[in-house]
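For the record, the sequence lines run as chains A and B.
With our numbering applied, the first sequence corresponds to residues 56 to 339, in that order.
With our numbering applied, the second sequence corresponds to residues 56 to 339, in that order.
Think of the hints as simulated: they come from the structure by calculation, not from any bench.
Possibly wrong hints are sitting among the right ones.
One copy or any two copies: either way a pair holds, since identical chains are not told apart in the list.
[Claimed, not checked] In the EDC-like style, the derived pairs of lysine to aspartate or glutamate whose C-alpha atoms are separated by at most 16 Å in a straight line are:
| hint | residue 1 | residue 2 |
| --- | --- | --- |
| 1 | 166 | 282 |
| 2 | 166 | 127 |
| 3 | 166 | 278 |
| 4 | 70 | 177 |
| 5 | 319 | 307 |
| 6 | 140 | 127 |
| 7 | 109 | 278 |
Since this is a predicted model, take the numbers as computed values, not measurements.
There are 2 protein chains.
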Amino acid sequence: MTAHPRLSLNQATIKYADLDEAVAATVNAGYSSIGLWREPVQAAGLDRSIRLIKDSGLRVSSLCRGGFFTMEEGPERRASIDDNKRAIAEAHALGAPALVLVAGGLPGGSKDLVGARERVRDAIAELADDAAAARVTLTIEPLHPMYASDRAVISTLGQALDIAEQFPLGVVGAVVDTFHVWWDPQLFAQIERAAGRIASYQVCDWATPLPTDVLLGRHYPGEGVIDFASITAAVEAAGYTGDVEVEIFNQDVWNSRYDDVAAKTRDSFALAVAPHLFSLERSA
Amino acid sequence: MTAHPRLSLNQATIKYADLDEAVAATVNAGYSSIGLWREPVQAAGLDRSIRLIKDSGLRVSSLCRGGFFTMEEGPERRASIDDNKRAIAEAHALGAPALVLVAGGLPGGSKDLVGARERVRDAIAELADDAAAARVTLTIEPLHPMYASDRAVISTLGQALDIAEQFPLGVVGAVVDTFHVWWDPQLFAQIERAAGRIASYQVCDWATPLPTDVLLGRHYPGEGVIDFASITAAVEAAGYTGDVEVEIFNQDVWNSRYDDVAAKTRDSFALAVAPHLFSLERSA
Numbered sequence: 056m057t058a059h060p061r062l063s064l065n066q067a068t069i070k071y072a073d074l075d076e077a078v079a080a081t082v083n084a085g086y087s088s089i090g091l092w093r094e095p096v097q098a099a100g101l102d103r104s105i106r107l108i109k110d111s112g113l114r115v116s117s118l119c120r121g122g123f124f125t126m127e128e129g130p131e132r133r134a135s136i137d138d139n140k141r142a143i144a145e146a147h148a149l150g151a152p153a154l155v156l157v158a159g160g161l162p163g164g165s166k167d168l169v170g171a172r173e174r175v176r177d178a179i180a181e182l183a184d185d186a187a188a189a190r191v192t193l194t195i196e197p198l199h200p201m202y203a204s205d206r207a208v209i210s211t212l213g214q215a216l217d218i219a220e221q222f223p224l225g226v227v228g229a230v231v232d233t234f235h236v237w238w239d240p241q242l243f244a245q246i247e248r249a250a251g252r253i254a255s256y257q258v259c260d261w262a263t264p265l266p267t268d269v270l271l272g273r274h275y276p277g278e279g280v281i282d283f284a285s286i287t288a289a290v291e292a293a294g295y296t297g298d299v300e301v302e303i304f305n306q307d308v309w310n311s312r313y314d315d316v317a318a319k320t321r322d323s324f325a326l327a328v329a330p331h332l333f334s335l336e337r338s339a
Numbered sequence: 056m057t058a059h060p061r062l063s064l065n066q067a068t069i070k071y072a073d074l075d076e077a078v079a080a081t082v083n084a085g086y087s088s089i090g091l092w093r094e095p096v097q098a099a100g101l102d103r104s105i106r107l108i109k110d111s112g113l114r115v116s117s118l119c120r121g122g123f124f125t126m127e128e129g130p131e132r133r134a135s136i137d138d139n140k141r142a143i144a145e146a147h148a149l150g151a152p153a154l155v156l157v158a159g160g161l162p163g164g165s166k167d168l169v170g171a172r173e174r175v176r177d178a179i180a181e182l183a184d185d186a187a188a189a190r191v192t193l194t195i196e197p198l199h200p201m202y203a204s205d206r207a208v209i210s211t212l213g214q215a216l217d218i219a220e221q222f223p224l225g226v227v228g229a230v231v232d233t234f235h236v237w238w239d240p241q242l243f244a245q246i247e248r249a250a251g252r253i254a255s256y257q258v259c260d261w262a263t264p265l266p267t268d269v270l271l272g273r274h275y276p277g278e279g280v281i282d283f284a285s286i287t288a289a290v291e292a293a294g295y296t297g298d299v300e301v302e303i304f305n306q307d308v309w310n311s312r313y314d315d316v317a318a319k320t321r322d323s324f325a326l327a328v329a330p331h332l333f334s335l336e337r338s339a
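The task is simple: from the sequences and hints, build the whole structure.
Below you can see the structure in the form of structure tokens.
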């Protein structure tokens with residue numbers, strides 16, 4: 056069975072798979088695209104990863120992830136900027152059009168949310184030239200507000216766009232991840248505003264109660280409360296024609312066989328999301 | 056030791072206390088105001104509660120809570136509207152200037168967030184005349200977005216104001232609860248917009264990791280990441296001169312002695328919040 060031509064399996068959905076296993080599961084389930092993470096790529100080695108992907112015939116929809124640069128100036132911040140430059144180079148080498156950036160939380164002991172947000176913008180300014188040269192879009196991912204203190208001080212699509220719009224189109228963009236933004240009363244206005252800036256569309260579902268580790272409360276599309284019809288249509292209307300990733304952090308999913316997860320992801324996508332995509336073809 | 060003259064102990068902070076015990080703990084710790092909940096008031100009986108409060112000399116800063124009216128038309132919705140009318144009457148009888156409204160989550164099986172939000176507005180329209188006659192402000196509480204599916208489809212102060220502004224000043228207002236709104240990039244702009252509409256200011260702190268039950272992750276002011284200085288100054292600058300409630304849902308706090316909790320609340324407020332209040336006197 057073939058997956059929707061724009062569907063991409065984000066590697067985090069089969070978190071315990073190494074890159075060989077992830078590529079095999081993705082190909083076996085009929086996908087034509089995969090979303091990569093840096094850790095398994097580094098574990099396989101960058102050159103070997105590039106060959107693996109090339110031999111598989113898969114596209115790389117995005118590389119996760121850079122970011123985590125809310126700290127004040129100093130050696131730790133310099134190390135983060137350098138690491139993000141390496142991530143841009145890796146994304147370029149892997150053929151990933153987008154490097155996903157998670158902002159980072161409040162530095163330890165700090166209550167200065169405004170300052171942390173300014174430092175995210177400043178870090179992106181430092182990276183923009185490298186990204187432009189590599190033709191990799193720095194793709195800011197707003198995370199759900201429940202992660203604002205410890206993981207991402209960028210909580211809404213509007214905030215991500217406030218930063219992205221300070222840079223040229225194609226250099227800085229934003230992720231729309233349904234899990235993180237579905238609740239936002241300004242979501243549809245901001246998706247419309249985001250025309251040309253959406254560099255990654257990620258889908259998974261929200262259900263309550265949340266698990267003990269609130270990072271792991273993501274579900275297959277259709278298993279929760281998110282209206283994929285209206286959000287997907289809005290993202291399409293904003294001109295997004297790239298791959299659509301399914302990224303599920305969920306312990307039960309992680310404990311399942313990779314092939315089963317890849318197949319179930321493909322099938323849930325076909326039911327819950329694919330009917331709302333206008334175009335079959337990806338044209339990034 | 057006397058509490059800050061504008062400090063009010065929200066009864067949920069000592070959840071297991073009956074009304075007699077809650078009033079005693081509040082008076083013993085030197086407060087002049089208490090925030091009541093309907094359940095313990097009903098358990099004590101309304102007439103007896105009114106006498107208890109009168110004899111204690113305490114003000115009632117608010118009554119929690121009405122709301123939960125996102126369902127579609129039908130007997131369940133009629134019952135909710137009727138119950139909210141009773142809550143308005145109770146607030147009036149207790150001398151509470153504000154009835155706190157929690158919107159309610161998505162009805163079972165529904166993914167229609169937009170529709171649920173419209174039904175919140177419609178319910179408030181049905182209640183506005185009763186509230187105006189009783190001189191009780193219907194006070195919409197935006198809840199943190201992590202509760203959007205199961206508890207409150209109103210997630211931001213901006214959303215609450217979008218509804219409140221459709222009604223006269225004093226009839227419909229909004230709660231600013233630091234736990235729910237601290238992360239919002241539009242918070243300060245919306246607090247400024249809220250001049251005359253803030254009918255309750257509630258403080259407690261946010262810390263991660265969240266507990267297994269994400270409802271219970273609230274902490275004494277100063278124990279987490281919230282910047283009470285800037286938020287309190289903004290609420291004051293918007294003209295709010297009412298009582299300031301501390302409302303903490305936290306199993307460890309609930310398991311502590313009521314007198315200890317009342318004292319610790321008073322003392323943490325004195326350190327973290329009181330220095331940022333311009334006026335000592337409440338003038339609601």
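We went through each hint and held it up to the structure:
1. 166 / 282: between (35 Å within a copy, 5 Å between copies)
2. 166 / 127: Answer is within; shortest intra-copy Cα gap is 13 Å, inter-copy 41 Å.
3. 166 / 278: For residue 166 and residue 278, the Cα distance is within 16 Å only across copies (11 Å; inside one copy 36 Å).
4. 70 / 177: Close neither inside one copy (31 Å) nor across copies (45 Å); limit 16 Å.
5. 319 / 307: Answer is within; shortest intra-copy Cα gap is 13 Å, inter-copy 41 Å.
6. 140 / 127: neither (18 Å within a copy, 52 Å between copies)
7. 109 / 278: neither (34 Å within a copy, 51 Å between copies)
Violated hints for the displayed structure, listed by number in ascending order: 4, 6 and 7.
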